[in-house]
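K.L.:
All chains should be built: construct the whole structure from the sequences, respecting the hints.
Protein chains in written order, with the working numbering: chain A, 227 to 762; chain H, 831 to 1127.
Quick caveat, the hints were computed from the structure, so don't treat them as lab data.
Accuracy of the hints is not assured; some may be wrong.
Claimed, not checked - Output of the computed footprint for chain H on chain A, the stretches with three or more beta carbons under 8 Å from beta carbons of chain H:
{"#": "1", "segment": "403-415"}
{"#": "2", "segment": "486-499"}
{"#": "3", "segment": "662-675"}
Unchecked claim - Okay, the calculated beta carbon distance ranges per label pair:
{"#": "4", "chain 1": "H", "residue 1": "V934", "chain 2": "A", "residue 2": "E588", "range": "42 to 50 Å"}
{"#": "5", "chain 1": "H", "residue 1": "V934", "chain 2": "A", "residue 2": "D572", "range": "57 to 65 Å"}
{"#": "6", "chain 1": "A", "residue 1": "E445", "chain 2": "H", "residue 2": "T1091", "range": "34 to 42 Å"}
Backbone N, C-alpha and C define an ideal beta-carbon position, used for all residues, glycine too.
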Amino acid sequence: MQSNDTSTGRWRRRRTTLVATAVVAALILTACAGDGQAGSDDPVVVGQVAEPASLDPHVVTAVNDFRININLYDGLVQYAADSLEVEPALAVDWTISDDGTLYTFELREGVEFHDGTPFDAEVVKFNFDRMLDEDHPYHDTGPFPLAQQFYGNLAEVRVVDEQTVEFELSSPFAPFLSNLAYPTGLLISPAAVEAHGEDVGRNPVGTGPYVFSEWQSNEFVTLERNPDYWDGAPEVPGVVFRPITESQTRVNELMSGGADMIVEVPPDDVAALRDDPEFMVGEQAGPHVWFLILNLAEAPFDDVRMRKAVNMAIDKESIVNDVLQGTATVANGPIAEAFGAAYNPDLEPYPYDPDAARELIEEAGYGDGVEGTFYVTEGGSGMLDPVAMGEAMQADLRDVGIDARISTFEWNSFLNEVNAGIEGKADMAQMAWMTADPDTLPFLTLRSGAWPDEGGFNSGYYANERVDELLEAAQIEVDEDARIAMYHEMQEIVVEDAPWVFVASWKQSVAMSPRVDGFELHPSFLLRLHDLRWAD
Amino acid sequence: MSASTASPDQTPDDGVVVPRRGGTTWRRLKRNRLSVAGLIVLAIVVLLALLAPVLPLIDPAATNPANRLQPIGSEGHLLGTDHLGRDLLSRLIWGGRTSLSVGVFATLIAASIGSLIGLIAGFFGGATDNSLMRGIDVLMAFPYLLLAIALVAVLGPGLVNAMIAISIVNIPFFARAVRGTTVSLVASEYVDAARALAFSRLRILFREVLPNVMPTIIITMSTTVGWMITETAGLSFLGLGAQPPTSDWGAMLGAGREFITRAPHVMIVPGSAIFLVVISLNFLGDGLRDALDPRLK
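P.N.:
This is the structure:
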C-alpha cells in the first residue's frame, strides 16, 4: 500500500507543481512587461485579442488580423475617416459605367512598396488575379476565403496604361466599391509574393504608413514608421501589437504600462475606465448585429406570433445597459445603425412587454408553457458576452412560460452546428455578424437562396419572396437612392416577420493611456494608427 | 486483521474483524483534530446542500441585471449578487448540491471500475495483469484534464458527461492502488488457506481479498473526492460542465473571473467553497489513512 500511495502522491504533486510554475512564470512576465515608462522615441504598444493567423491581406478573415494589415497596406480605396463611405487611397479617382459593370481607376503616382517595388496598374492586376484566377502562378499561395464572396463578379482586370486600370464585372454588383475598401482589398507587393510564396503572410510588404519589422510568435508583431508614406510619415517611430487573449489580462497590462492601448475592453472595465482620469476610453458603434436565429422550420417558431412574443419577452435594454454595461445599443432590425443611409431609422425595436408576449403565446396555443433548445456559444468573434446574455434571455423567457434549455458550445463547433442549419437540433441560436456593406448580412442570412443546403447562412430557414426580390435587386442596383429604398422596405418586412430576435449592436471600445494622442476609432472596427502621436 | 503484514494468529473471517476495526478506526480518527474539523465542515456543507429545497433561499436562477455585482452583505443578498444579479448565497448552496453530488458519484464510478480492474489484475496476475495494467498506463499517460476535455468533446458538454469523463480519467488511481494491495494479499496465508479449502476463485477474490482491500479503496476515495470536485469545477470553468442556469461552483468561478478586479467576491465566494471542501476532504483523508494503516496500530 505504501508504494502505491507514493506513486499516486507524486502524480498529484506534479499537478500542483505545474500550476505553481505557471503562476510564477506569469508573474515574472507581468513584471517584465510592467517596468519602464515609454518615451516619445518608443513605439506604441497595442494589446490585441489574439495572435494573427497571417499578415497576407488576401488570406486573413479576422478583424484581429485586419487591425494590423490596415497599417501595413493600402487598398485602391479606403473608408472615410468617420464613416463607411468610400474615399480615394491608392486610386486617386474612378469612374463607373452607367450599366455598373465597368470600373476605371486612375492610380496614384510615385508610390512605392516598402521593398522598393513601384506601385502601378500591373500590381493591381497581379493582386486580384492572384485571388481569383485559378491559373495564376501564385494562386496556390492562398487559400483566399473571402475573394469569391467579395470580388466573385470580377470578370477581368485590364491594365490600360501604367496609371490606369479597368475592372470589368460579369454583372452589376453594388457593394463592389465598398468591398474594395474592405481589408481583403489591400494590395501586397508582387515581388514579396514571388520571393516568399505562401510565407508572404509572415513577411508582409505593403505601401502603408508602417513597415513590417518583426514577428515573434505569441509575443509581438512590430512595425516601424514608413518615412516615405504618400500621405505623410507617421509621428511615432513604430507600433507593437501584442496578442493578449484574456480580456482581464489586457486591462491589467494597460494599467501596469505593458500596453499603451488595448482593444475590446470588457464591459465592466469600460464602465470603470470611463471614470478614471488615468485612462481614456474610446467607443464607437459598429456595423454589427447580434441576434438570435429562430428555427422557422419547426414548432413553436413556425408561428409568427411566437417569434414576436420572444422579441417582446426579452429585455434588450437591460441586456445592453446592465449585462453589457452600455457597450452596445439595442438593434431595431437586421441592418446596423452604423451603415448610415441603408439603416431604416423609422423602425422601432420590439418593446419589452412580457404581458403582450404572454398574450401572443396564449393565442398561438402555447399558454401551458413550451420547451425548446437554445444554442449558446462560450465566446467568439463579435459575440460579446454570450453566456451571460444567454442566461439573461433564458430567465426572461422563463417569465413568459418558455423553457429554453441552454446547450453551450466552443466557438468553432458552435459555428459548425449552427451554420449547417438548426432544424432538428435547436429552436434558437445566438449569432452575430460584423460586415462592411449593408448588403452582406441580409444577403447571406435572410434569402431563401441562402438556406444552409444552398451554402448560405440562413440557418433558421426564413423565406419571404419579397425579401428575396429586394435583396437580389439591391445587389445590382447602381442608383444609390433606389438601393437604399429597397433596404428600407426589406427591413420593414423582416422586422414584421421576425425570423430573428434582434438584440444589439456592439460599440467597439479601446482604452488608452492619456499619453497616446491622435487616435480615432472607426466604425469598421479597424484600427488605423497613421495619425498616432505621443502627447507632450 | 492486518491487510498486508503477516499476522498468522488472525482468522480470515472478516465478519468478526470489521466491526472491531470500525471501533478502533473511529477512536484513532477522533485523535486527529484536523480530521475532525474536516469532518465537521463537510457535515455542515452536506447538510446545507441537502436542505437547499427547504431553506428560505431566493430562486438561484432569478436574474435581476439592474442589481448586478452587489457586494457581500448587501441588503437581501448576504453574499452579494453575480453579473446577472442572481443571489450568490442561493447559487452557492444549490451549486454545492451539484458539485458535491457530481464529485461523489464520479468517485463511486471511478472507484468501482478502477477497483475491479485492480482486483482482477492483482489476483490473476500474468497476462491478465499485464494487459489490464498496460491499458491503465495508457490512460495515465494522458494529462488528466486534456483527456477529460477530449472525452467531453466526444460526449458533448453537460454535467453528466463531465462526470463520466472525470470518472474515466480517475480510474487509474484506483486500479493501481488496489492492484498493489491485492498482489501482496494474494501471497498471504489466509488466501492460501482459502485455496486449500477449495473455495472458488471468485469467492476468494470477493469474500477474502476485497474486504481487506477496502481500506485502500476508502483512503483513495477520500483523497479523490476533492480532486473530482476540483476537476468537475475545472470542466465547468471551461464551460464544458453544468449548463446554465444550473449553478455549480466551477461555473460560478468561471463566470466570476471577468470581474476579478471590479467585483472579486463573485469569484471568491465559490472559490472559497471549493477550497474549504477540498481541504476538509484532504484532512479527513489523511486522518482516515492514519486510522486505517495497520502499521500504526
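K.L.:
Now tell me, hint by hint, if it's right for this structure.
P.N.:
Outcome of the hint check:
1. With 0 residues having a beta carbon nearer than 8 Å to a beta carbon of chain H, the segment 403-415 of chain A misses the requirement of three or more and the stated coverage is violated.
2. Only residues whose beta carbon comes within less than 8 Å of a beta carbon in chain H count, and the segment 486-499 of chain A has 4; three or more means the coverage holds.
3. Restraint check on the segment 662-675 of chain A versus chain H: 0 residues with Cβ-Cβ distances below 8 Å, three needed, restraint violated.
4. For V934 (chain H) and E588 (chain A), the Cβ-Cβ distance of about 44 Å falls inside the hinted range of 42 to 50 Å, so the restraint holds.
5. Separated by about 59 Å at the C-beta atoms, V934 (chain H) and D572 (chain A) satisfy the suggested range of 57 to 65 Å.
6. Between E445 (chain A) and T1091 (chain H) the C-beta distance comes to about 25 Å, which lies outside the given range of 34 to 42 Å.
When the structure is compared with the earlier hints, violations turn up for hints 1, 3 and 6 and for no others.
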